[in-house]
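*Asks:* Residues per chain, in single letters:
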Amino acid sequence: MSEVKSAASQVNVTRSLVLCAIGAVVGLAIAGVGLFSARGTATHNVPPEDIALVNQRPVLRSDFVTQLESETGETFEQATRAEKLKVLGEMIREELLVQRGLELDFAETDQMTRNALAMAMDQQALAEVTTSQPSEQQLREFFEKNPSRYASDGILTARHLVLPAGGANAGQSMQKARDAVGALRANTPVEAVISKFGLTEPRNDGDEFYFAAKIHLGDAIYAKALQMKEGEVSEPLQAADGIHIVKVIKDKVPVPLSYEHARLQVLTDLKNAQQERLMTATMRFLRERSKILVATDYSDYKP
Amino acid sequence: MNLLVKTGLILTAILVLGLAVGGTFVARTHTVRTRFLMVPADSIPADAELMSFAMSRGASAYSEHCASCHGVQLRGDPALAVPNLTDHDWLYGTGRVSEIERVVLYGIRSGNSKGWDLAHMPAFATARPYDLYAMAPLTPSDIHDVTTYLLAFRQPQADSAAVQRGKQIFYDTNKGVCNDCHGSDAKGDSAIGAPDLTDAVWLRGDGSRQSIESTIAHGLAGRCPSWAGELSPATIRAVAVYVYAASTPRGKLE
Chain H
204 MSEVKSAASQ VNVTRSLVLC AIGAVVGLAI AGVGLFSARG TATHNVPPED IALVNQRPVL
264 RSDFVTQLES ETGETFEQAT RAEKLKVLGE MIREELLVQR GLELDFAETD QMTRNALAMA
324 MDQQALAEVT TSQPSEQQLR EFFEKNPSRY ASDGILTARH LVLPAGGANA GQSMQKARDA
384 VGALRANTPV EAVISKFGLT EPRNDGDEFY FAAKIHLGDA IYAKALQMKE GEVSEPLQAA
444 DGIHIVKVIK DKVPVPLSYE HARLQVLTDL KNAQQERLMT ATMRFLRERS KILVATDYSD
504 YKP
Chain S
97 MNLLVKTGLI LTAILVLGLA VGGTFVARTH TVRTRFLMVP ADSIPADAEL MSFAMSRGAS
157 AYSEHCASCH GVQLRGDPAL AVPNLTDHDW LYGTGRVSEI ERVVLYGIRS GNSKGWDLAH
217 MPAFATARPY DLYAMAPLTP SDIHDVTTYL LAFRQPQADS AAVQRGKQIF YDTNKGVCND
277 CHGSDAKGDS AIGAPDLTDA VWLRGDGSRQ SIESTIAHGL AGRCPSWAGE LSPATIRAVA
337 VYVYAASTPR GKLE
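Chains H and S supply the protein sequences, listed in that same order.
The first sequence begins at 204 in our numbering and counts up one residue at a time.
The second sequence begins at 97 in our numbering and counts up one residue at a time.
Derived from the structure by calculation, the hints contain no laboratory data.
Some clues are possibly wrong.
[What the hints assert, rightly or not] Calculated Cβ distances over 10 Å to all of chain H for the following chain S residues:
id, residue
1, THR120
2, SER156
3, ASP183
4, CYS277
5, GLY284
6, ASP302
7, SER343
[Claimed, not checked] Just so you have them, the derived chain H footprint on chain S, three or more residues with Cβ under 8 Å:
id, segment
8, 102–111
9, 167–180
10, 203–209
11, 231–245
All C-beta atoms in this analysis are idealised placements derived from N, C-alpha and C, irrespective of residue type, glycine included.
Bound conformation, chain H alone (with noise of 0.2 Å):
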């Protein structure tokens, strides 16, 4: 009994040793497939939300449908098999061609890539804050941390005429603009005093907004338009390009919005907010992270 418990227990160095060394030889041969091949540790099933992998990249069946539909023009039902299969042929195509892109790294050396990667990164942030809701009273705070953000639009409908420079001497010229400034007080149609001065008026336009008026009046012009009452004429000013006289017909100004009425536009900028601030944190942290080094003749470059 002793003699068959010692002969069962005894070790067969040599078998262990060619079971071990098999198992090394699978074990490597595995791997080599693995690394060499570019398959990976690949699963042989397709999950069901893909129409394919590539290199265990899904390819979303929702996408292929959306392809398949916007390059024939027909729903998914209207599709023959053969356009279906040359989609699939076509997205399979762009996946292999994108991954060996990757693998010559040209978001490296291709501009475009590196545009559409700069891009992407941006929209990141965008998406972050997408995908939260601000509540109501989020909306509330940032409204009232922010009042002069929100109101109504201001407008303006102003006459502006204009005694070209390069006629009369100066004096002459003043007192031309002064006389039509009397005028024009006196309730003289706008345009009989155009006729009658010699003046020129850029453009009418009617009523403005305040931004499109400053744009049109110059910004001396236009500050001294809104400090001017409706009806009323401004004293001659004097530019480079000539005398010009201002005569104000209607100044709506601008009146403070409601939370209620500016709610939209506060979830706007409250968003866009939320955004830049992400976009300011995520440079921050890459910044951090990373080594920058600058030539010495650009030393003085800050962040």
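With chain H's structure known, arrange chain S on it following the hints.
*Replies:* Here is chain S on its own, set in the frame of chain H:
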């Protein structure tokens, strides 16, 4: 001892039965889920089993991820230009499940390059109404006239001269260019999300002069997030089916 064996056998039997029932349920669910994902999305409404699979999942995912904007009743919020999902008036596409699924997957102006982002409503009361190309701002009178033209689609307007001026701006390639997106018949273009301006459905506001003027003046560029990568493909499809069902009259679902 006998009792102990008997008890053991009974417990084992219960365990085996439980495992069998559970396994069958899991296998069944897996089969339905697989089929749910593999069939063309537009064919799901005609399949009672798949509809039943989708509705409860879709409802809970909608409630968690979409209701904060579109509302629990899916009716949106006109004050914030959040569309009503129950009226079968679709900004993008025609309301097919596959089209809704695409919106849930990639969003609208979501930052995902596969999402819808071809155009947005310019803000005509600003110096640069549109950021994609040059476009002239409109004056307050222009906006008033275009609004009068749009209101005339639903109700005759007393100021016919304003209607004519508004129509001119609507088609003016140097000024409003409204027809470029909203179409020559003003009925919109679902390929770019431009709404029909002739019907009674308004994305923002109530269709009053004030709300139309405000939209023309300040523009619109609503966003819908992309859920690709955040939610599973099955959940995304379930949400699409749920929204489709909410927008489709009951009779048409069967």
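*Asks:* All hints, please: hold or fail.
*Replies:* Status of each hint after checking the structure:
no.	hint	in the structure
1	THR120	20 Å, holds
2	SER156	17 Å, holds
3	ASP183	20 Å, holds
4	CYS277	19 Å, holds
5	GLY284	19 Å, holds
6	ASP302	13 Å, holds
7	SER343	18 Å, holds
8	102–111	violated (count 0)
9	167–180	holds (count 3)
10	203–209	holds (count 6)
11	231–245	holds (count 4)
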